[in-house]
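J.: Going down the list, the sequences are from chains B and P. The letter at position 288 of the first sequence is residue 287 when you use numbering that gives the first Met the number 0, and the numbering goes up by one with no holes. The letter at position 213 of the second sequence is residue 212 when you use numbering that gives the first Met the number 0, and the numbering goes up by one with no holes.
It should be emphasised that the hints constitute simulated quantities derived from the structure, not laboratory data. Glycine included, each C-beta is placed from N, C-alpha and C at the ideal position.
Computed footprint of chain P on chain B; a stretch qualifies when at least three of its residues, placed anywhere within it, have a C-beta under 8 Å from a C-beta of chain P:
(1) 17-24
(2) 34-44
(3) 49-62
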Amino acid sequence: MPEVPKIVHDRLRAAKPADHHPDADVLTAFAEQALPAIERDRVTEHLSRCRDCREIVALGLPALEAVPQPRTVAEGVPAGVAPTAERQRNWLAWPNLRWAALAAGVVVVASMLLLRPGKPPDATVASVDQSAESPVSPAAEAKLAPPPEVQPPAHVPATPRARMAQPGPSMLPGESATGLAGRRNDSDEARVYGTAPEALRDRKKRSDAVETDKLMAAAPAVTGRALRGLAPGRTASTSESVTVAEAEPVLAQPPAEVRLQARNEPPPAIVKAKPPAAKEEGKLQAQSGVAAMQEQTANAYSASKQDSFMHKALATKDSAMGAWSLVQGVLFRAQGKTWKVALRVAQPLLTFGARAGDVWTGGQAGSLFHSSDNGTTWTQIQPSAKGESLSSDIVSIELLSATDIVLTTNSNESWVTADGGKTWEKK
Amino acid sequence: MPGPAQTGLGDQQASALHQRCGAGAYGLDSDQFAAILREIQEKYLPQASAEEAAGFCAALRLEELALARACAAGNERAWQDFIGRYQQKLHAMALHITRDSVHASELADSLFADLYGMSTRDGARHSKLVFYTGRGSLEGWLRTVMAQEFINRYRKQKRNVSLDEQADDGAQFTAPDPEPVITADPRLTSATDQALAELSSEDRYVLAAYYLDGRTLAEIAHTLKLHESSISRRLDRVSTGLRKRILACLRERGMSYAQATEALDTDVRDLQLDIRARLTQEPGTKAFPGGKVSAPGADGNHA
Numbered sequence: 000m001p002e003v004p005k006i007v008h009d010r011l012r013a014a015k016p017a018d019h020h021p022d023a024d025v026l027t028a029f030a031e032q033a034l035p036a037i038e039r040d041r042v043t044e045h046l047s048r049c050r051d052c053r054e055i056v057a058l059g060l061p062a063l064e065a066v067p068q069p070r071t072v073a074e075g076v077p078a079g080v081a082p083t084a085e086r087q088r089n090w091l092a093w094p095n096l097r098w099a100a101l102a103a104g105v106v107v108v109a110s111m112l113l114l115r116p117g118k119p120p121d122a123t124v125a126s127v128d129q130s131a132e133s134p135v136s137p138a139a140e141a142k143l144a145p146p147p148e149v150q151p152p153a154h155v156p157a158t159p160r161a162r163m164a165q166p167g168p169s170m171l172p173g174e175s176a177t178g179l180a181g182r183r184n185d186s187d188e189a190r191v192y193g194t195a196p197e198a199l200r201d202r203k204k205r206s207d208a209v210e211t212d213k214l215m216a217a218a219p220a221v222t223g224r225a226l227r228g229l230a231p232g233r234t235a236s237t238s239e240s241v242t243v244a245e246a247e248p249v250l251a252q253p254p255a256e257v258r259l260q261a262r263n264e265p266p267p268a269i270v271k272a273k274p275p276a277a278k279e280e281g282k283l284q285a286q287s288g289v290a291a292m293q294e295q296t297a298n299a300y301s302a303s304k305q306d307s308f309m310h311k312a313l314a315t316k317d318s319a320m321g322a323w324s325l326v327q328g329v330l331f332r333a334q335g336k337t338w339k340v341a342l343r344v345a346q347p348l349l350t351f352g353a354r355a356g357d358v359w360t361g362g363q364a365g366s367l368f369h370s371s372d373n374g375t376t377w378t379q380i381q382p383s384a385k386g387e388s389l390s391s392d393i394v395s396i397e398l399l400s401a402t403d404i405v406l407t408t409n410s411n412e413s414w415v416t417a418d419g420g421k422t423w424e425k426k
Numbered sequence: 000m001p002g003p004a005q006t007g008l009g010d011q012q013a014s015a016l017h018q019r020c021g022a023g024a025y026g027l028d029s030d031q032f033a034a035i036l037r038e039i040q041e042k043y044l045p046q047a048s049a050e051e052a053a054g055f056c057a058a059l060r061l062e063e064l065a066l067a068r069a070c071a072a073g074n075e076r077a078w079q080d081f082i083g084r085y086q087q088k089l090h091a092m093a094l095h096i097t098r099d100s101v102h103a104s105e106l107a108d109s110l111f112a113d114l115y116g117m118s119t120r121d122g123a124r125h126s127k128l129v130f131y132t133g134r135g136s137l138e139g140w141l142r143t144v145m146a147q148e149f150i151n152r153y154r155k156q157k158r159n160v161s162l163d164e165q166a167d168d169g170a171q172f173t174a175p176d177p178e179p180v181i182t183a184d185p186r187l188t189s190a191t192d193q194a195l196a197e198l199s200s201e202d203r204y205v206l207a208a209y210y211l212d213g214r215t216l217a218e219i220a221h222t223l224k225l226h227e228s229s230i231s232r233r234l235d236r237v238s239t240g241l242r243k244r245i246l247a248c249l250r251e252r253g254m255s256y257a258q259a260t261e262a263l264d265t266d267v268r269d270l271q272l273d274i275r276a277r278l279t280q281e282p283g284t285k286a287f288p289g290g291k292v293s294a295p296g297a298d299g300n301h302a
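Just chain B, same shape as in the assembly:
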């Protein structure tokens, strides 16, 4: 309120009433607005000059709030204590509601910040970045898995959070998952079911996604280090072998958490696959965590798709010559109770196909290998057609016959050969 000059105070104080003081009746009528206008102005004029009458009028007014009852005073209750109903009304008064509204706003903003969809926590991304360079414990791996409560549909590769946290099919060891998020989203969003070829490609994509999850889980433990010592494009015939007996108990008894997640459809192939543990690393425990992750991922995506890539990759392909398995970008061959590394190359292998001793396997950057002697020797093949070479990731290999082979890439390309790989045609 603006302050008036002190001279105004002085002159107001010095003013004296010109007439007699109004009696109590008139003052009462003034306070009750019962005076005619002329008489009211006269009383107001007197009041503006007479402090005593102003005091009487002010004291004679009824209380602004409820007047405390004498009974309350007699009972010793403080006079300022209002009845309960009034106190309840005071709680609903604006000064209190103002703070309640402010608190509600803070809660809403905090909830929006905490539950903002589509943004992975920084800690999760960091753990993925570190996973390419260092072994990941089962506990850390479990963080990357889809939550147990969420059972994504078969056509959805993963939850958005898990998809962003996991590397894509073309992810190299050490490549950040965040850098691949855009590519993953693009491929996922383009998935529309329509004609038969599109449905086939969609299945390939899903296989790609599952394979990516598997590679993500496996790369930190084995591939990241094992592939580091291999030259690119090296054709390998390795003699590395591990015994299944050491890894079998761990794989046969997956962690309880994994079993809970597999309640929908526990694929028997997981138990049969028995991916070999990296004995040379001496990290059976880590391997068991990786295997658990693989099983968890496989259970999540193989519920309704018998032909999914994960199911195919992890399942043992019984053939006349043995069983094959693709784990961590490395192709294994089962011989009796032991697994042997059949092929390990610089580019992680993503898929394989076997038919009566004729084995084909492909991976990232168009790497394609063929073995006609049940995996003893391998030959790298570079498909090309009309001057264009295959450079995309091979995500599917279908052996229609001994000579008819169809390759599918992550860029929806189909490379077909009708002569066992000598000539190729891009479709």
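Given the coordinates of chain B, work out where chain P should sit on it, guided by the hints.
T.: Same frame as chain B, now just chain P:
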């Protein structure tokens, strides 16, 4: 020739009002009630015509007026009704005014004794209810009378302070009466008076109640039956306009704008207060503390 216009309340009108308010139930007949009404009309509208008087009397609180006058006359039924209606309210009013239950009881009992007429004059009880005229509600009148009584008691108690209490309050150390107030520039005084006189009476009342009495906006609004925000806006408007008007009046009296602003912002009483305080705290020191100093060798008694 037509006779002179009838003034005052007619008998028929008074009788009608008597029947309407039910004063007969309290032992007041029509003539007594008509006399009361004429007395009131003569007090407030001495020269009113018959119609004006009838209208004025019809606007009175006749039922409460009859009750009060019947109580003043000593009617038992009226007293029963009065006690039943207002005894509890009197205590509540007193508590509202005094904010103290002890003083409230004392004030309420004292007022009740005055209303009953404990004092006698000319051999008859003299009740305070005889002064009620029905212009406002009886309850409001009781509050106003109680407020007057409270203020009178407060002043009386303030005057009757014992010497011991004065000593406890440090009255012996109080400064003597202040010097005559140094008046401000007469042009400033007259300009302020002129600006205040140009305001409406209600604006001046709001200014005085807020700045002099320290009333809150809610209290002022309650008095004038206005909204609190209206009082706030009015105070803002009046304060701002008053300053501008005083400045304009000062310029009309020959001051420049700078001089008028300086005169309005500088209050000579502040300077006066500082000087007075300084003089009070530092008693005057003698210019020559050692008494009269004689010039050396003046009396020729040099060693």
